[in-house]
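Peer 1: The primary structure of each chain is shown beneath.
2 protein chains.
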Amino acid sequence: MDEIRLIEVKQDIHADNEAVANELRKQLAEEQTFLLNLMSSPGAGKTTTILSTVAALQDDLRVAVIEADIDSIVDAEKVAAEGISAIQLRTGGFCHLDASMVKRGLDGLDLGSLDFVIIENVGNLVCPAEFDTGAIKNAMILSVPEGDDKPLKYPLMFSVCDVLLVNKIDYLELSDFNLEVMRERVLRLNPKLQIFEISAKTGAGVQEWADWIRREAGAFISS
Amino acid sequence: MDEIRLIEVKQDIHADNEAVANELRKQLAEEQTFLLNLMSSPGAGKTTTILSTVAALQDDLRVAVIEADIDSIVDAEKVAAEGISAIQLRTGGFCHLDASMVKRGLDGLDLGSLDFVIIENVGNLVCPAEFDTGAIKNAMILSVPEGDDKPLKYPLMFSVCDVLLVNKIDYLELSDFNLEVMRERVLRLNPKLQIFEISAKTGAGVQEWADWIRREAGAFISS
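Sequence lines, in order, name chains A and B. Going by the numbering used here, the residue at position 25 of the first sequence is 41; the numbering climbs one at a time, nothing skipped. Going by the numbering used here, the residue at position 155 of the second sequence is 171; the numbering climbs one at a time, nothing skipped.
The following block holds chain A by itself, in its conformation from the complex (with noise of 0.2 Å):
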């Protein structure tokens, strides 16, 4: 094994949105409406689990969908289509959600009528990580095609969140995938996280992940 030469290229990004994003969590309380932002690689599954959470939710929750793109519409185009209420956040190339983008979505948004508002951040295990959106609860994906490697690679993404949806179950058969393996190490990184295995195309463990945010929010909306 030839030796591996190290070089370290750190540079600060500056995050200081916390004041913004502690605001929007007051706002948000007043108006009892639970935000959830949900992160992941491109095409890891976002909008096809939105679409099939918020069908699992509809009957008990007034839901309404944040979309943000770099570029295109085609996720808010999606949801829309389904009849849910969406506003998409253009971002222009930017990488990644802060808490002032999504106060103006929010802003687009009569919250005194909703229970419960998703934010579908721009597809990226990287910088989302580092930007508080003033959401309630953070969750992502990690599809099964990923491998089981990522969360040693996207270490703070793992972090940060409340909740880790390892979706697209339906490749463990075609893949080498390993649950176990990933558990451990996304547990070592944060031993509070929540896991559901779901298949956003096919339903499976939905109704489970439904659930929690019916728990969830439930216990914000009446806290």
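Rather than coming from a laboratory, the hints here were simulated on the basis of the structure. Everything numeric in this text was worked out from a predicted model, so none of it was measured. Take these hints with a grain of salt, some might be off.
Partial pick of chain B residues on the chain A-facing surface, computed with a CB cut under 7 Å [stated by the list, open to error]: (1) Pro58; (2) Gly163; (3) Leu168.
Even for Gly, the Cβ is constructed at its ideal location relative to N, Cα and C.
We have chain A; now place chain B onto it with these hints.
Peer 2: Structure of chain B alone, referenced to chain A:
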């Protein structure tokens, strides 16, 4: 279908590392070393693709790999375990490589004894597309499980690349990925894009892609 409200949150990203990148290309021409920058989402298969590509080339070209990772050195370990020269750039949270970082990696190699250096950029379809690394050619991987809509959502990445590797074609049977639709979408963005369909895992298509590198590296070295 609900109406979609669209909010622009564009921000400028200052990317004037062009001078360093041009300087780097001049140096590479003098040293006769072909530098390729490989980009993709997390989990699209960059490291596996690099391993199978180097295996196909190493009888003809003297090769080294520059690995970028936010925090871990797992990819460089995999590469070095195959007896390939590897340099690890740890970005410490930074979401892409720029030309100065790549320069530090190249400074750690003996370019005079190398024909071909491949950079594994940070797994991210957004930020790496915006920063010229100084590479002679840019390639990206889109893996089948990510979906055929990625050119709509990350158009810049598809526009700046010379080559698109469609990886994990062994997943096609399980997926609704439409190769024809994807091809139309990417060629609309970038009519000159070279497309190779591969499975880095099974080796399918890797020879054709390695042949392309052999041709391009040969043309660059003899120019």
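Peer 1: Now look at each hint and say whether the structure bears it out.
Peer 2: Verification of the hints:
Evaluation of the Pro58(B) hint against chain A yields a held restraint, the C-beta minimum of about 5 Å falling below 7 Å. With 7 Å as the threshold, the beta carbon of Gly163(B) comes within range of chain A, its nearest partner Cβ sitting at about 5 Å, so the hint holds. With a cut of 7 Å, the hint placing Leu168(B) at the interface with chain A holds, because the nearest CB-to-CB distance is about 5 Å.
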